[in-house]
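With the sequence shown counted from 1, adding 1069 to any position gets you the numbering used here.
Derived by calculation from the structure, the hints in this document are not laboratory data.
Not one of these hints is a red herring.
Straight-line distance between alpha carbons at most 20 Å, and here's what the computed EDC-like set of lysine to aspartate or glutamate pairs gives:
1) Lys1180 x Asp1153
2) Lys1139 x Glu1091
3) Lys1139 x Glu1098
4) Lys1187 x Glu1198
5) Lys1135 x Asp1159
6) Lys1135 x Asp1153
What follows is a list of derived Cβ distance ranges for each label pair:
7) Arg1095 x Leu1151: 22 to 28 Å
8) Ile1192 x Asp1124: 43 to 49 Å
9) Lys1139 x Asp1194: 30 to 36 Å
10) Lys1116 x Ser1202: 39 to 45 Å
11) Arg1152 x Asp1194: 27 to 33 Å
For every residue, glycine included, the Cβ atom is placed at its ideal position computed from N, Cα and C.
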Amino acid sequence: MKLVSPGEAAANTNDIPAEAGEEFVRIGEMAKKYGVTLRTLRFYEDKGLLNPHRDGSTRLYTRRDKARLKLILLGRKVGFSLRDVKQMMDLYDPTGTNTKQLRLALDKSEKQLARLQKQRALIDDAINELSTSMTAVRQMLVERTAAPQASAAG
1070 MKLVSPGEAA ANTNDIPAEA GEEFVRIGEM AKKYGVTLRT LRFYEDKGLL NPHRDGSTRL
1130 YTRRDKARLK LILLGRKVGF SLRDVKQMMD LYDPTGTNTK QLRLALDKSE KQLARLQKQR
1190 ALIDDAINEL STSMTAVRQM LVERTAAPQA SAAG
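Input sequences plus hints: build the corresponding full structure.
Dropping the structure here:
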């Protein structure tokens, strides 16, 4: 078990005032900057993915929250569930080597890459099928529109 000083423990929570000079961003600015809705940010907070400071009812996001949101959005973009994203982020230890977190991220990433490659193969097959069908339909249209013109000329 690793002993952590009270100062380090406090630095890892959002229950204390931020470091002097730390910049806060309000929810509207955060949403606009990252192209998400206010509802999305509140949802991520409800799920424990973000933990903004509070000034009354105003949510104030820190640099840590911004970094976490970037990871959430990246995870969602590549197809991870929010549960997977949270599991990987929650293993982060600013004072440790984070080898457990890195191993988990690599394992989940390898599995997700295999799923995406399988989906790509299925999509490629569907595109080929559709292209072949479209070529056949075009040919039928050419044949059917050319035939009436030929009989009208005769």
